[in-house]
Every structure is written in C-alpha cells, then in structure tokens.
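Peer 1: So the sequence lines, in the order shown, correspond to chains A and B. Sequence positions in the first sequence follow the working numbering and run 1 to 211. Sequence positions in the second sequence follow the working numbering and run 1001 to 1412.
Keep in mind the hints are simulated off the structure, nothing from the lab. Keep in mind it's a predicted model, so treat the numbers as computed, not measured. Wrong hints could be hidden among the right ones.
Distance condition first, Cα-Cα at most 30 Å in a straight line; then the derived DSSO-like pairs of lysine-lysine [what the hints assert, rightly or not]: (1) B/1177 - A/92; (2) B/1080 - B/1003; (3) A/129 - B/1003; (4) A/164 - B/1372; (5) A/116 - B/1113; (6) B/1180 - B/1210; (7) B/1003 - B/1079; (8) A/66 - B/1177; (9) B/1180 - A/92; (10) A/19 - B/1156; (11) B/1010 - A/145; (12) B/1351 - A/116; (13) B/1407 - A/92; (14) B/1372 - B/1080; (15) B/1372 - B/1407.
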Amino acid sequence: MNAFVFYSCANIPRYTGVKAATMDEFYEGIKNSGMETIFYHIYYSLYKRHVSQIDYMNDFAEWLWKTAGAQDIAERISVFDPAKIKSLSRTKTLILRILEEHKGENRDFARVARGKEFYFMGLLTFVAKSGIVAENEKEFFEGVKQSSVESVFYHLVGSRLRLKKVSNDFSEWLSVSCGRKDLAGRINRLNLHQYNLRQIKDKIEEIGLDV
Amino acid sequence: MYKKSIFDYKSVVDEGEIEGLINLSSPLKGKKIQHINSTKKGGGVAEILNNLVPMLNELGMENIWSDIKGDQRFFEITKKIHNSLHGADDQLDEDDYAYFEKNVFAQKDTLIKGADVYVVHDPQPLPLVKFRKEFGGKWIWRCHIDLSTSTDATWKSLEKYVSMFDAAIFHCPGYAKELKIRQFIFPPTIDPLAAKNVDMSLDRIDGVRKKYGIADDRKIIVQIGRFDRLKDPFGAIEAYRIVNKMYPSVLVLAGSYADDDPEGEEIYKEVLDAAGGDEDIKVLNIPVTDESPFDINAFQRMADVCLQMSSREGFGLTVAEALWKGTPVVARDSSGIALQILHGINGFLVKTAPGAAYRISQIFASGEMREKFAEAATAYVYTHFLLPKHLKNWICCLNAALMNKAKGIIEI
Chain A
1 MNAFVFYSCA
11 NIPRYTGVKA
21 ATMDEFYEGI
31 KNSGMETIFY
41 HIYYSLYKRH
51 VSQIDYMNDF
61 AEWLWKTAGA
71 QDIAERISVF
81 DPAKIKSLSR
91 TKTLILRILE
101 EHKGENRDFA
111 RVARGKEFYF
121 MGLLTFVAKS
131 GIVAENEKEF
141 FEGVKQSSVE
151 SVFYHLVGSR
161 LRLKKVSNDF
171 SEWLSVSCGR
181 KDLAGRINRL
191 NLHQYNLRQI
201 KDKIEEIGLD
211 V
Chain B
1001 MYKKSIFDYK
1011 SVVDEGEIEG
1021 LINLSSPLKG
1031 KKIQHINSTK
1041 KGGGVAEILN
1051 NLVPMLNELG
1061 MENIWSDIKG
1071 DQRFFEITKK
1081 IHNSLHGADD
1091 QLDEDDYAYF
1101 EKNVFAQKDT
1111 LIKGADVYVV
1121 HDPQPLPLVK
1131 FRKEFGGKWI
1141 WRCHIDLSTS
1151 TDATWKSLEK
1161 YVSMFDAAIF
1171 HCPGYAKELK
1181 IRQFIFPPTI
1191 DPLAAKNVDM
1201 SLDRIDGVRK
1211 KYGIADDRKI
1221 IVQIGRFDRL
1231 KDPFGAIEAY
1241 RIVNKMYPSV
1251 LVLAGSYADD
1261 DPEGEEIYKE
1271 VLDAAGGDED
1281 IKVLNIPVTD
1291 ESPFDINAFQ
1301 RMADVCLQMS
1311 SREGFGLTVA
1321 EALWKGTPVV
1331 ARDSSGIALQ
1341 ILHGINGFLV
1351 KTAPGAAYRI
1361 SQIFASGEMR
1371 EKFAEAATAY
1381 VYTHFLLPKH
1391 LKNWICCLNA
1401 ALMNKAKGII
1411 EI
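Only chain A is shown next, with the shape it has when bound in the complex (with noise of 0.2 Å):
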C-alpha cells in the first residue's frame, strides 16, 4: 500500500492588473484569463467567503448579483457545481458561454462606481511535505485532524484540477491504496458549496470516526 502524504499548503493571491467596470471588460477578462484566476474566482472563493451563508460562494456570480445588479446571469453561474467539472478550461468555457448568451439582458448595467470594479487575481501557492504519512485509514483521518484547513483545501479542492476528474487526493488513495471506496465517495460527495471549509474538515473527521 501507498502511504498517503499530507502536504502544508500556503496560498498568496495576485492582481493580475486586469480589471472590470462593465460587462464587456467582464466578459474580456474571463476571456483573456489564465486558468490560474479561474481557480482563484471559482473554488479560491470558497475559502475565503466561509462564514456567510447567503452569499454566493463563486467571485463571479457574487460581484454579478451585489456590484453589477445582473442577477439573472449571478444565478446562472452559481448554479452550476465547479465540484463536479473536471478541468479549469472546461470551467472557463462555461462561465463564457453563460455570458454569450445572456449578457445582452442586461443593458441596463452600463459602468460600475470607481472602487467597485471586478479585480481580477491570480494565486500563487506552495506546498512542502507537512511530515504528517499515514499507512491506513485509522492514521488517515488523524493527520486530516492534524491538517491545516488550508492543506485541505489543496488535497480536497485544488487536487480535483491536478487530477483532471471528479475526484480529490483523499478519495483517491482511499478508493486505490486502502480499497474503502465507501469512505472514498462519502467525502467525495461533500458538498463545497453548502458546507465551509472548517465545517467540512469536521465532516471527514466525523467520517473517520466510522474507522
């Protein structure tokens, strides 16, 4: 068996200098974005906007319905559920496509206030082996308990991009190295827009807890 390795994670975010006061700068910045400001905007979002649960959880939408007053396209974009996309560009794309075809309903919105602009940011992060292994699922779900929230969210939330599916370094090695593909898709299962990163590093220790 692989033993599963538990990674510190610090994240730093960027202005990438680019910003938007009206729907067209909007669209153009999406366009012209690397898929490093997608995941800051669509899933970097999630950690940052945790103690709200009115707000939506994506930058996107959330700029759209308070700044622009274009909730018809905010709905839009935080329906769909980043969790279950398996790559940035493919991301991208949709949010693209959702513009395309409904910015038009909003003639209205023309320029925002100065100071009220989308900024659009990068992120840059690191990662070193936080020293924490576990061989089985019992010293699994303690270095989860030992973890940062934040090397969570590099396990539980960036890995889905690393590994290009719907999946996360959790239920990966769950599902592969330990054969517990229960366990696996209950914490895949997690829904990262109804819980916040704290509470959902307490819902796998819960999980563990079956163990």
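With the hints as your guide, set chain B onto chain A.
Peer 2: Okay, now just chain B, sitting in the frame of chain A:
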C-alpha cells in the same frame, strides 16, 4: 517579560497551521531581511512589525527592523503625503518633495549591507530604493494604506520609486495601482495572544471601567483609534448624541498620538471641545505603556458596540480586534474596513453618523442579533485575520521574491 513563541499559537489555531509555517519557511532559513519604516512606537505598522519580526526570526530568518528619522518638517511633509494618498487635498510643493527626498537619501546608512530582502513599509522611506543597485538583494514595498483615491500628483511623485521594487504588497486589489511589478494581496492581522487581545476576566474588565469612571448603568459605545481627522471622532460623537436620546449611553473615544503624527494633540483638543463637557463622552488619551493594551482590550470587551467612523482606513486593526472579541462593530463603509465587515452578518457598514446611530440602536434592541454577529465575527477573524495567517503570507511573499515566482504551484 515572557517572549512569545510561534508554538504558543497552537492554543489558538490548528496544530497543522504552525507545522505548515515551519515546513514552508525552510528555504528562508538563514536569510537576512531588513524592514524599514518611520516609527517604532505607535500606530498599526509598528504594532505589526513588533509581532512579525521576532516570529519570522523564530522560523530561522534574521529579520532586522530599522526606522528612519526626521525632524518636525519631515513628518509634516510625510503626513501630507499620507493624507493626499488617502485622497485629501493636502498640497505639496517642489520644496516639500525635495526636503522629503533629501532627508531620506541622507539616511542611506540605515540600510544594512548584504540583506537578501529589503522590505520598505509605507511611503516615508520609499526613496531608499534608489540605493538598490549598491545594496543588491530583492526589494519589496509593503503599502499599508488605501491608494484607491490617491491624489494623482502625489502618486506620480512616488511611482518612480515604487516601480523600482521587485514586488508590492497591498491589503486588497482595490488599493493596488497599474504597476509593472508583481502585486501581492494580503491584509494585516491581529495577534490573539497580545495584551490587547488576550482573554480577560470580568473582574479585570470592570476594574478598567471603574478606573476611567465609565458608568455601568448605560450602554457602552467604544471607538478606539489615534486622534486623527481621518478616524472621524467627531462623527462618533454625532452618532452617540442621536443614540443617546433613545438609549442612555456612554461613548469612549480612546487613543494616543503616534511619534510620526504631528497633528495628534491638536485633534485631541478639538475632540475635547466637541464633547462639550458631556461627562458620558470619555475622551481618553492613553499613552503607550505596558498596561495600556489591557485597557484597550477591556474597552472593546465591555462595549455593547464598537464603532469605527474612519473615513479612510488602510485596514483598521481595531475592527478585527473588536470582532475577535465577539463585539459587534458598526463602521463606516471605507476601504480597509469593508474587508472585515460582512454587512448584516458580523456587523454593519454605514455611510454617515445618523446611519451609524440607526444600526447601533438596532443592535441595542436585539440580543439575538448581537449573539449571531458575535459568532460570525470571531469565526471570520479566526480564518483570515490572525497572526499565523499573516506569517504564512509573508513566508509566501519572501519565497516568491527570492525564487522570482508569481504563479503556479511550487513544491518546497
């Protein structure tokens, strides 16, 4: 005095956070980093560096903190620069800039030889970057103020220096500028184990209340902050006077002067005048002593509402401090503060003093709202604004500068 260790923070954050700091900082072991600002006493930047420098050193780096000096005219000019970067109409002429630059250039000896990274905090020491070729190393500008409405002329006069850095750090993207250098984004944080934020017993809080003669039969509204026009203590008094008609209250305006702020005493006297002898408005100039942070801590804990009427705030550490203690905050919707308050979730953002009065009254009227806000407030600060998070951001930034990286996933 007990020197804090990063391991002490295991009592506050996940154990993995602290281990992560150690693992991720391994490439920085033995690196020499010099931080330069304009004062070691008073104000948010000095407070941040007081925490940051020893903690980074504990991770195996050699961080050195130096401050540049200046006479009264120098600090009057830098205050004008500060205000005009915040959008105020403080006129600076060529003589002012010449005096400013000459004074900073004359302090070239402040720079230590052989540092791997030079970190310049805020605009005051900016011209030192002129010597970067001679001193080598990487150069980072840490901007602690909101540049979103900066006066064009002032920004242009400083931009030539900023563009000579390898990277800049801003609290939020809205503060950033159109620069060709890398712009990292992270806010400052509070130290949960500092005297200003540690848990206090109810007896001790009550002792502070009595010490300052604060009545215990009314609601308490507290605004903490140095005596500065941009903090708008006058707006706080206006809000208090409206609230006081519905809910008998006490307003505590507590702060001190910073060494690099020549206007402090003048504003303090104006605030006293504005209070007009009302015994329930406590205008407290509290000099920085070993005891004073506990007094500030107690004020924020005894408050029914903390108020922050600042019209401009780079970040507003006092807001995060109050939120951490579970005290609801009503604050003007200004730049740095809006990063911390989720309107209607952990506090309220307002535009005016009457708006603040309305929201304070709402909180006074509802114990349930206060409870909900308190829970969300502490949780939000826990994830985003505690010192270990700040250390992690700095580790990333220093790694990024030394490795010359700006994006992607880098395994250490």
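Peer 1: Hint numbers the structure violates, sorted upward?
Peer 2: 2, 4, 5, 6, 7, 14, 15
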